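Here the protein sequences line up with chains A and B, keeping their order. Count the first sequence with our numbering and you get residues 3 to 296, in order. Count the second sequence with our numbering and you get residues 5 to 368, in order.
Since the hints were derived computationally from the structure, they do not count as laboratory data. All figures in this text were calculated on a predicted structure; none of them were measured in a lab. Treat the hints with caution; some may be incorrect.
To be verified - Estimated spans, in silico, between C-beta atoms of each pair:
#1 B:S21 <-> A:S56: 42 to 50 Å
#2 A:A154 <-> B:Q190: 44 to 52 Å
#3 B:L316 <-> A:N119: 25 to 33 Å
Said to hold, decoys possible - Derived pair list, reagent style DSS-like, types lysine-lysine, alpha-carbon separation capped at 25 Å:
#4 A:K179 <-> A:K34
#5 A:K34 <-> A:K283
#6 A:K34 <-> A:K167
#7 B:K350 <-> A:K86
#8 A:K167 <-> A:K179
#9 A:K34 <-> A:K86
#10 A:K34 <-> A:K90
#11 A:K260 <-> A:K7
#12 A:K179 <-> A:K86
#13 A:K179 <-> A:K90
#14 A:K179 <-> A:K82
#15 A:K164 <-> A:K179
#16 B:K171 <-> B:K183
#17 A:K167 <-> A:K82
#18 A:K86 <-> A:K167
#19 B:K278 <-> A:K121
#20 A:K121 <-> A:K283
#21 B:K135 <-> B:K50
#22 A:K260 <-> B:K278
#23 A:K260 <-> B:K246
#24 A:K165 <-> A:K179
#25 A:K179 <-> B:K135
#26 B:K135 <-> A:K283
#27 B:K350 <-> A:K82
#28 A:K34 <-> A:K121
#29 B:K171 <-> A:K283
#30 A:K90 <-> B:K50
#31 B:K135 <-> A:K90
#32 B:K50 <-> B:K278
#33 B:K135 <-> A:K34
#34 B:K278 <-> B:K171
#35 A:K34 <-> A:K82
Backbone N, C-alpha and C fix where the C-beta goes; we use that ideal spot for every residue, glycine too.
Here's the letter readout for the chains.
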Amino acid sequence: MSFVKYLISGISLGSVYALIALGYTMVYGIAKMLNFAHGDVIMIGAFTTYTICSTLGMSPAVGVLAAVVLCTLLGMGIEKVAYKPLRKASSPLAVLITAIGVSYLLQNVALLIFGANTKAFASVVSFPALELAGGAISVTGETIVTILSCIAIMICLMIFIKKTKAGQAMLAVSEDKGAAQLMGINVNGTIALTFAIGSALAAIAGVLLCSAYPSLNPYTGSMPGIKAFVAAVFGGIGSIPGAFIGGILLGIIEIFAKAYISSQVADAIVFAVLIVVLLIKPTGILGRNIQEKV
Amino acid sequence: MKTAFMTKLRSNKALKSNLITFGMVIIAYILMEILMAAGVLSNLLKGLLVPLCVYAILAVSLNLTVGILGELSLGHAGFMCVGAFSSAFFSKCMQEAIPIAGVRFTLAILIGALCAGLFGILIGIPVLRLKGDYLAIVTLAFGEIIKNLVNILYIGIDENGFHFSTKSSLELNMSENGKIIIQGAQGITGTPNDSGFTVGILLLLITLFIVLNLIHSRDGRAIMAIRDNTIAAESVGINITKYKLMAFSISAALAGVAGVLYAHNISTLTALPKNFGYNMSIMILVFVVLGGVGNIRGSIIAAVILTLLPELLRGLNDYRMLIYAVVLIAMMLFNWAPSCIRWREKMTYWLKSKKPVKNSGKEA
Numbered sequence: 003m004s005f006v007k008y009l010i011s012g013i014s015l016g017s018v019y020a021l022i023a024l025g026y027t028m029v030y031g032i033a034k035m036l037n038f039a040h041g042d043v044i045m046i047g048a049f050t051t052y053t054i055c056s057t058l059g060m061s062p063a064v065g066v067l068a069a070v071v072l073c074t075l076l077g078m079g080i081e082k083v084a085y086k087p088l089r090k091a092s093s094p095l096a097v098l099i100t101a102i103g104v105s106y107l108l109q110n111v112a113l114l115i116f117g118a119n120t121k122a123f124a125s126v127v128s129f130p131a132l133e134l135a136g137g138a139i140s141v142t143g144e145t146i147v148t149i150l151s152c153i154a155i156m157i158c159l160m161i162f163i164k165k166t167k168a169g170q171a172m173l174a175v176s177e178d179k180g181a182a183q184l185m186g187i188n189v190n191g192t193i194a195l196t197f198a199i200g201s202a203l204a205a206i207a208g209v210l211l212c213s214a215y216p217s218l219n220p221y222t223g224s225m226p227g228i229k230a231f232v233a234a235v236f237g238g239i240g241s242i243p244g245a246f247i248g249g250i251l252l253g254i255i256e257i258f259a260k261a262y263i264s265s266q267v268a269d270a271i272v273f274a275v276l277i278v279v280l281l282i283k284p285t286g287i288l289g290r291n292i293q294e295k296v
Numbered sequence: 005m006k007t008a009f010m011t012k013l014r015s016n017k018a019l020k021s022n023l024i025t026f027g028m029v030i031i032a033y034i035l036m037e038i039l040m041a042a043g044v045l046s047n048l049l050k051g052l053l054v055p056l057c058v059y060a061i062l063a064v065s066l067n068l069t070v071g072i073l074g075e076l077s078l079g080h081a082g083f084m085c086v087g088a089f090s091s092a093f094f095s096k097c098m099q100e101a102i103p104i105a106g107v108r109f110t111l112a113i114l115i116g117a118l119c120a121g122l123f124g125i126l127i128g129i130p131v132l133r134l135k136g137d138y139l140a141i142v143t144l145a146f147g148e149i150i151k152n153l154v155n156i157l158y159i160g161i162d163e164n165g166f167h168f169s170t171k172s173s174l175e176l177n178m179s180e181n182g183k184i185i186i187q188g189a190q191g192i193t194g195t196p197n198d199s200g201f202t203v204g205i206l207l208l209l210i211t212l213f214i215v216l217n218l219i220h221s222r223d224g225r226a227i228m229a230i231r232d233n234t235i236a237a238e239s240v241g242i243n244i245t246k247y248k249l250m251a252f253s254i255s256a257a258l259a260g261v262a263g264v265l266y267a268h269n270i271s272t273l274t275a276l277p278k279n280f281g282y283n284m285s286i287m288i289l290v291f292v293v294l295g296g297v298g299n300i301r302g303s304i305i306a307a308v309i310l311t312l313l314p315e316l317l318r319g320l321n322d323y324r325m326l327i328y329a330v331v332l333i334a335m336m337l338f339n340w341a342p343s344c345i346r347w348r349e350k351m352t353y354w355l356k357s358k359k360p361v362k363n364s365g366k367e368a
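Using the sequences and the hints, build the whole thing.
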C-alpha cells in the first residue's frame with residue numbers, strides 16, 4: 003500500500019516539475035538559452051498568491067489569476083530588457099550569465115520586499131482528501147488538483163502548438179529563425195509569446211508547489227528550478243512531451259529515493275539517474291540526435 | 005643580454021602578456037603587504053585576502069575548461085570540494101605526525117590536487133562524450149552528487165585504523181579513544197590554519213604558471229584546436245579524448261588546490277550549498293565570463309572586483325546584492341549586446357573625431 007502512496011505523491015511532485023520543465027524546454031527550444039531565472043519566476047508567482055490570499059485576504063482564484071498575470075508580464079519584461087539585446091551576441095555564455103544576474107535580481111527583490119523568513123503558504127486548494135482502498139490510501143486535494151491541472155495544461159499546450167497559427171510559428175522559429183522570418187513570421191513576437199507561456203506555467207507551478215509543500219522564502223524556487231531543468235534535459239531538452247515525461251519520472255524517482263533509500267542522498271540519486279540516462283542516450287529520452295558536419 | 009631580452013620581449017607578444025599578468029599579481033601582493041604593514045587595511049578586507057586568492061585560482065582554472073577547452077562546466081565547486089575535504093582530512097590526520105606546518109601544507113596541496121585531478125579524470129571520461137548544454141548539466145549533477153555524498157560521510161580513526169560510515173557517528177563502532185575526523189553534515193572541525201595571504205599568492209602564481217604555459221605549449225594549441233573545430237582537429241590527427249581529459253583534469257586539480265587553500269583558512273569545513281553547491285560553480289563561471297572567456301588575466305581581475313563589490317557595498321545593507329545583480333546584468337549587456345558594441349564604437353569614433361589633435365599622439 004505504501005508503494006501506491008509514494009507513487010501518487012511522486013506523480014504529484016513530478017507534475018510540478020513537469021510544469022516548470024515545460025517552461026524551460028519551450029524557452030530552450032526557441033531561444034536556445036538556459037533560462038536560469040525560471041526558478042525564481044516560480045517563487046515570484048507563489049509570493050504574489052501569498053500576498054493576495056494571506057495578506058490581503060482575497061479569494062484563492064484571484065490570487066492564482068494575479069500570479070499568472072504578473073509572471074506573464076514579468077517573463078516578457080525580462081526577455082525584452084535582459085535577453086533580447088543579447089540574442090545575436092557572439093557567445094552563448096553572455097545570455098546565460100545575464101540570466102543568472104536576473105535570477106539574483108529576482109531573489110533579492112523578494113528578499114527586500116518579503117524578508118528572509120520562511121512564510122507558511124496557505125493552500126489554495128479547498129478540496130477534501132480522497133480516500134482510496136477503504137481508507138488505506140488518502141490522496142490530498144492538492145495532489146489531485148496538481149496532477150489534473152498538469153495533464154490539462156499539457157493537453158492544451160499540445161493542441162495550441164499543433165492547431166494554432168501561433169503554435170506553428172513557435173515550431174518554425176525553433177526550427178530555423180532565419181527561414182521563419184522569411185516566411186513572414188514575427189520572430190520577436192513569437193519568442194516573447196514563448197516566454198509569456200513559460201512564465202505563466204511557472205506561476206501555476208509555484209502556487210501548486212507551495213500548496214503541497216507550504217514553505218515559502220526567496221530561495222524556494224531555485225532548487226525546484228534546477229530539478230526541473232534536469233527533468234527537461236532528462237526528457238530531451240526542446241521536446242514538450244519529453245519535459246512532461248522527464249518531470250513525472252524525476253518526481254517519482256525522487257520520492258522513491260527519499261522513501262526507500264535515504265532522504266539525505268535523494269538529490270544525489272536523482273542526479274545520478276540523469277547522468278546514467280544521458281550517457282546511454284546523450285540527448286535525453288525524446289531528444290533528437292543531430293549529426294554534426296564540418 | 006638585456007637588449008636581447010628586450011628584443012625577444014618585443015617580438016614575443018605572448019611572453020609580454022604573461023609577464024604583465026604575473027607582474028600584476030606580484031604588484032597587488034606588494035601593495036597589500038604595504039597597506040597591511042601601514043595598518044590601513046580594515047579587518048574585513050584582511051579576512052578577504054585569502055578568499056580572493058581562492059576565487060582567483062578557481063576562476064583561472066575554470067577558464068581553462070570554459071575558455072581554452074571550450075566546454076561549459078557547472079560543477080567546478082565539486083572539484084574544489086574534493087580538494088578541500090581530502091586535504092583537510094590529511095592535515096587533520098597528520099597534525100601530530102608532521103609538526104612542521106610548511107611540509108604538511110605542501111603535502112596537503114599535493115594530495116588535494118591529486119584527488120581533485122583523479123575525480124576530474126573519472127568524471128571527465130563519461131562527461132566529455134557529451135556536448136554543450138548536456139555537458140553543462142551533467143557537470144552540475146556531478147558537483148551536486150559530490151556535495152551530497154560528502155554530507156553523509158563519517159570517518160573516524162582509532163588504534164584499529166579508519167572507520168567509515170554513511171549513517172551517523174555512532175555507527176563508526178570506534179574504541180573509546182577514537183577520534184572522529186569527518187562528521188557528516190558537520191564536516192571537519194579544527195583543520196590547522198596553515199594557509200595565508202603569501203601562500204595564496206604563491207599558489208595563484210603557480211596556477212598561472214601552469215595554465216599560461218599549457219596554453220602556449222603544443223598541447224595547449226591542440227586543446228584550442230579542438231575547441232575551435234573538433235572534427236577538423238580530429239582529422240589532422242589530434243587525439244580528442246586525450247587532450248580534452250588533459251585540460252579537464254588539470255582544471256579540476258587546480259580547483260582542488262583552491263579547495264585546499266579554502267579548507268586551511270577556515271576552522272570548520274562543511275559542504276553547504278553556499279560554498280560547494282551549484283551556486284558557487286555559477287559564481288566562478290560569472291567571474292570567467294565577465295573577465296573574458298579565454299582571457300586568464302581578465303578572470304583574476306573579475307574575480308577580485310566581483311568579490312570586493314558586495315563587500316564594498318556593505319554600507320548599503322539590504323540593497324547590496326540587488327545592486328550587485330543590476331551591475332552584473334548591466335555589465336553583461338554593455339559588454340556583449342551587439343547594439344551596445346556598435347554604440348561604443350560610435351562613441352569612440354565621435355570622441356576621436358572631436359579632439360583630433362589631442363588623441364593623435366603628435367604632441368607627445
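Do the hints match the structure? See the list:
{"no.": "1", "hint": "B:S21 <-> A:S56: 42 to 50 Å", "in the structure": "violated, 58 Å"}
{"no.": "2", "hint": "A:A154 <-> B:Q190: 44 to 52 Å", "in the structure": "holds, 46 Å"}
{"no.": "3", "hint": "B:L316 <-> A:N119: 25 to 33 Å", "in the structure": "holds, 27 Å"}
{"no.": "4", "hint": "A:K179 <-> A:K34", "in the structure": "holds, 11 Å"}
{"no.": "5", "hint": "A:K34 <-> A:K283", "in the structure": "holds, 20 Å"}
{"no.": "6", "hint": "A:K34 <-> A:K167", "in the structure": "holds, 21 Å"}
{"no.": "7", "hint": "B:K350 <-> A:K86", "in the structure": "holds, 21 Å"}
{"no.": "8", "hint": "A:K167 <-> A:K179", "in the structure": "holds, 16 Å"}
{"no.": "9", "hint": "A:K34 <-> A:K86", "in the structure": "holds, 12 Å"}
{"no.": "10", "hint": "A:K34 <-> A:K90", "in the structure": "holds, 11 Å"}
{"no.": "11", "hint": "A:K260 <-> A:K7", "in the structure": "holds, 13 Å"}
{"no.": "12", "hint": "A:K179 <-> A:K86", "in the structure": "holds, 14 Å"}
{"no.": "13", "hint": "A:K179 <-> A:K90", "in the structure": "holds, 12 Å"}
{"no.": "14", "hint": "A:K179 <-> A:K82", "in the structure": "holds, 17 Å"}
{"no.": "15", "hint": "A:K164 <-> A:K179", "in the structure": "holds, 19 Å"}
{"no.": "16", "hint": "B:K171 <-> B:K183", "in the structure": "holds, 17 Å"}
{"no.": "17", "hint": "A:K167 <-> A:K82", "in the structure": "holds, 23 Å"}
{"no.": "18", "hint": "A:K86 <-> A:K167", "in the structure": "holds, 23 Å"}
{"no.": "19", "hint": "B:K278 <-> A:K121", "in the structure": "holds, 21 Å"}
{"no.": "20", "hint": "A:K121 <-> A:K283", "in the structure": "violated, 41 Å"}
{"no.": "21", "hint": "B:K135 <-> B:K50", "in the structure": "violated, 42 Å"}
{"no.": "22", "hint": "A:K260 <-> B:K278", "in the structure": "holds, 23 Å"}
{"no.": "23", "hint": "A:K260 <-> B:K246", "in the structure": "violated, 39 Å"}
{"no.": "24", "hint": "A:K165 <-> A:K179", "in the structure": "holds, 20 Å"}
{"no.": "25", "hint": "A:K179 <-> B:K135", "in the structure": "holds, 22 Å"}
{"no.": "26", "hint": "B:K135 <-> A:K283", "in the structure": "holds, 12 Å"}
{"no.": "27", "hint": "B:K350 <-> A:K82", "in the structure": "holds, 24 Å"}
{"no.": "28", "hint": "A:K34 <-> A:K121", "in the structure": "violated, 35 Å"}
{"no.": "29", "hint": "B:K171 <-> A:K283", "in the structure": "violated, 34 Å"}
{"no.": "30", "hint": "A:K90 <-> B:K50", "in the structure": "violated, 42 Å"}
{"no.": "31", "hint": "B:K135 <-> A:K90", "in the structure": "holds, 21 Å"}
{"no.": "32", "hint": "B:K50 <-> B:K278", "in the structure": "holds, 21 Å"}
{"no.": "33", "hint": "B:K135 <-> A:K34", "in the structure": "holds, 14 Å"}
{"no.": "34", "hint": "B:K278 <-> B:K171", "in the structure": "holds, 23 Å"}
{"no.": "35", "hint": "A:K34 <-> A:K82", "in the structure": "holds, 16 Å"}
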